[in-house]
Amino acid sequence: MKMTGKVLSAAAVVLLLGASAYGAFFLAPTELTMGIVQRIFYLHAPCGMTALAAFIVCFVGNLGFLFKREAKWDWLAVSSAEVGLAFCTVVLLTGPIWAKPAWGVYWAWDARLTSTLVLWLLYLSYLILRTMVEDPDRRALISSFYGVFIFLDVPLVYGSIWWWRTQHPQPVVFTSGGLNPEMRKIFYLSWLSLMALMVLLVRQRYELEDVRAEAQTLAQEAEAG
Amino acid sequence: MKNLGSLMAAYMIGWGVFFIYFVTVARRTADLRKVVERLKQSLTRGK
Numbered sequence: 001m002k003m004t005g006k007v008l009s010a011a012a013v014v015l016l017l018g019a020s021a022y023g024a025f026f027l028a029p030t031e032l033t034m035g036i037v038q039r040i041f042y043l044h045a046p047c048g049m050t051a052l053a054a055f056i057v058c059f060v061g062n063l064g065f066l067f068k069r070e071a072k073w074d075w076l077a078v079s080s081a082e083v084g085l086a087f088c089t090v091v092l093l094t095g096p097i098w099a100k101p102a103w104g105v106y107w108a109w110d111a112r113l114t115s116t117l118v119l120w121l122l123y124l125s126y127l128i129l130r131t132m133v134e135d136p137d138r139r140a141l142i143s144s145f146y147g148v149f150i151f152l153d154v155p156l157v158y159g160s161i162w163w164w165r166t167q168h169p170q171p172v173v174f175t176s177g178g179l180n181p182e183m184r185k186i187f188y189l190s191w192l193s194l195m196a197l198m199v200l201l202v203r204q205r206y207e208l209e210d211v212r213a214e215a216q217t218l219a220q221e222a223e224a225g
Numbered sequence: 001m002k003n004l005g006s007l008m009a010a011y012m013i014g015w016g017v018f019f020i021y022f023v024t025v026a027r028r029t030a031d032l033r034k035v036v037e038r039l040k041q042s043l044t045r046g047k
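Chains as they are written, first to last, in this note's numbering: chain A, 1 to 225; chain B, 1 to 47.
Bound conformation, chain B alone:
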């Protein structure tokens, strides 16, 4: 099984990039949703 390490490394790196990107976007969206909720509450209190 020559070069099995290279094959595994390529797939691990490839999937790793996509997984990290997916998690990063999900976290950025969740953080912004919290900001939106906070702003909505402060606007409702202000009325």
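Extracted from the complex, chain A is given alone in its bound form:
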């Protein structure tokens, strides 16, 4: 991507994030029970959904590599795993900040919170595993198998609030009458802005893998020559 395109897309993402923050702070109605702290919802919930979307992209990348054996699929997988982990980190940090005033405790070992923490640990281990294998092809193959396996936790995280009784609230976004229409609009704007940020970060991280591969090829040429 050319420099102008990069700057323009980054500027568009910053504008979207600014608009969603303005909506969350100044336009969204204040929730009656929790008060203004409920506005953390506009960052916390879309971040969680964006993290799951990034892990789905990672799964597609891992499957792509297993079937096609082309490095670009592995680059996509590692890029989206790292970006998904960043989003999941924000979810795990903002959740307790909201939970303390809302529930009276920072953390509860319920199905949603625990499966999300496990998800974070699994994708962290995926990235650590990659640092332990030197050969790029072998690294891509091992991490693709592992990536497909750890993806099993993603539907578990998503379904946990339907399948088990949890301290975490039941779904309000994709259910009828669960959310005030004004709140719903701001929520979708926030989700759009965070998805755009996710795409921007994955592209940037993918470029890093591209440059790393070029450096490896040149280093091999220099050694051979």
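Keep in mind that the hints were calculated from the coordinates and are not lab data. Backbone N, C-alpha and C define an ideal beta-carbon position, used for all residues, glycine too. Treat each hint with caution, since some may be false.
To be verified - Each pair of labels, with its calculated beta carbon distance range:
hint: 1; chain 1: A; residue 1: Ile128; chain 2: B; residue 2: Leu4; range: 36 to 42 Å
hint: 2; chain 1: A; residue 1: Gly159; chain 2: B; residue 2: Lys34; range: 43 to 49 Å
hint: 3; chain 1: A; residue 1: Leu27; chain 2: B; residue 2: Thr24; range: 20 to 26 Å
With chain A fixed as given, assemble chain B onto it according to the hints.
Chain B only, in chain A's frame:
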């Protein structure tokens, strides 16, 4: 404005994580680009 501190902390931490990650990836890419340039120059000199 009860819990305003919690609200501000959540947004500052959230944006902080993304900003730090963005800068880290950009720096790693820039460092690797310098390595690529150095390798290209050394290969050209070697020919």
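Given a hinted range of 20 to 26 Å, is it respected by the beta-carbon distance of Leu27/A and Thr24/B?
Violated - the Cβ-Cβ distance for Leu27/A and Thr24/B, about 33 Å, lies outside 20 to 26 Å.
Next item on the list: Confirm or reject the claim that Ile128/A and Leu4/B have a C-beta distance inside 36 to 42 Å.
Entry: Since the Cβ atoms of Ile128/A and Leu4/B sit about 38 Å apart, the hinted range of 36 to 42 Å holds.
Check the following: the C-beta atoms of Gly159/A and Lys34/B are separated by a distance inside 43 to 49 Å. holds, 46 Å
In terms of the numbered hints stated before, the structure departs from hint 3 and from no other.
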